[in-house]
Amino acid sequence: MNYQESFINYLKYEKRNSSHTVIAYKKDLDQFVLFCTEMVGEFDVKRVDTKLVRNWIVSLMERGYTPRSVNRKVSTIKAYFRFLMKNAETSGVETNPAINLPLPKIRKKLPGFVEENNLHHLLDDGFFSDDFRGVRDKLIITLLYGTGIRLAELLKLKESSFDMKGYLIKVLGKRQKERIIPYPRSINPLLQQYLEIRNREVGYTPDALLVTEKGEPVYEKLIYRVVKRSLEMVTSLEKKSPHVLRHSYATHLLNKGADLNAVKELLGHSSLSATQIYTHTTFEKLHDIYKQAHPRG
0 MNYQESFINY LKYEKRNSSH TVIAYKKDLD QFVLFCTEMV GEFDVKRVDT KLVRNWIVSL
60 MERGYTPRSV NRKVSTIKAY FRFLMKNAET SGVETNPAIN LPLPKIRKKL PGFVEENNLH
120 HLLDDGFFSD DFRGVRDKLI ITLLYGTGIR LAELLKLKES SFDMKGYLIK VLGKRQKERI
180 IPYPRSINPL LQQYLEIRNR EVGYTPDALL VTEKGEPVYE KLIYRVVKRS LEMVTSLEKK
240 SPHVLRHSYA THLLNKGADL NAVKELLGHS SLSATQIYTH TTFEKLHDIY KQAHPRG
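Counting from 0, one number per residue, gives the positions in the sequence shown under numbering that gives the first Met the number 0.
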């Protein structure tokens, strides 16, 4: 039985992981299988032990892989053996050799974000033209910053995703999880302006909110170009990506006193630990405010 193929199908159809995640898991697993074959002459799941996995980790570090990459690859092997243990009757695997292994520590990198006044400057001071492309690009930036949605979530938006009376947007997130989040009232006039010019110049498109001049749905590279070109006008931040606007959204909410659990729900995080990284940034901001404002700061 081909357990690797079964595992990949399990990720696709039962776990419903994204195509990017499935491809990454497959690459990691293929790499591990190749290492084991080179080390012991064949790959047999029943013969894989903790020592073999540890040797693989060492070889990865020696080849220059970052701690983050190594940790992800080991997570793949853990997941694979959990799958085999669920199917122990046929696989013969009863233990997970990747459990309890010491892993290289990942240095936490604080998320970059754009200052609030810079984003207000970008959106309010005439940086975007009034033609189809200008209005669409401004809507892209406004939606990413105004809602904190992911790039993949933005690409799935339809006109029907919006409750314009309630100022709510329905988003399809990771693992097909749906969430409803509020959006700023200022989005409605811009959204209506975009829909009018799109329907007039390009045509009505029910399957995608954001389209190209040819009426085709926008794609990842186009969004990246729009964000990079726009942010270059107001910030010297090295990384200028859609995710930076998501970081900015979360950071600005917390700076204004938003509850961490509420921000977690808005971002669609499955655990609070994913949201807590933003508190480091807000603590730094609070420290700066204290130094400036407190008489003994």
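Simulated from the structure, these hints should not be mistaken for lab results.
Please note: incorrect hints may appear among the correct ones.
Dumping the calculated BS3-like pairs for lysine-lysine here, alpha-carbon to alpha-carbon at most 27 Å [to be verified]:
#	residue 1	residue 2
1	LYS263	LYS213
2	LYS25	LYS14
3	LYS263	LYS176
4	LYS26	LYS85
5	LYS85	LYS169
6	LYS45	LYS25
7	LYS85	LYS176
8	LYS77	LYS26
9	LYS255	LYS169
10	LYS173	LYS26
11	LYS157	LYS239
12	LYS263	LYS157
13	LYS164	LYS263
14	LYS239	LYS227
15	LYS164	LYS220
16	LYS213	LYS14
These numbers were taken from a predicted model, which means no experiment stands behind them.
Here's how the hints hold up against the structure:
no. : hint             : in the structure
1   : LYS263 to LYS213 : violated, 37 Å
2   : LYS25 to LYS14   : holds, 14 Å
3   : LYS263 to LYS176 : holds, 14 Å
4   : LYS26 to LYS85   : holds, 22 Å
5   : LYS85 to LYS169  : violated, 35 Å
6   : LYS45 to LYS25   : holds, 20 Å
7   : LYS85 to LYS176  : holds, 25 Å
8   : LYS77 to LYS26   : holds, 14 Å
9   : LYS255 to LYS169 : holds, 24 Å
10  : LYS173 to LYS26  : holds, 21 Å
11  : LYS157 to LYS239 : holds, 25 Å
12  : LYS263 to LYS157 : holds, 24 Å
13  : LYS164 to LYS263 : holds, 25 Å
14  : LYS239 to LYS227 : holds, 5 Å
15  : LYS164 to LYS220 : violated, 32 Å
16  : LYS213 to LYS14  : violated, 36 Å
Hint violations for this structure: numbers 1, 5, 15, 16, all remaining hints satisfied.
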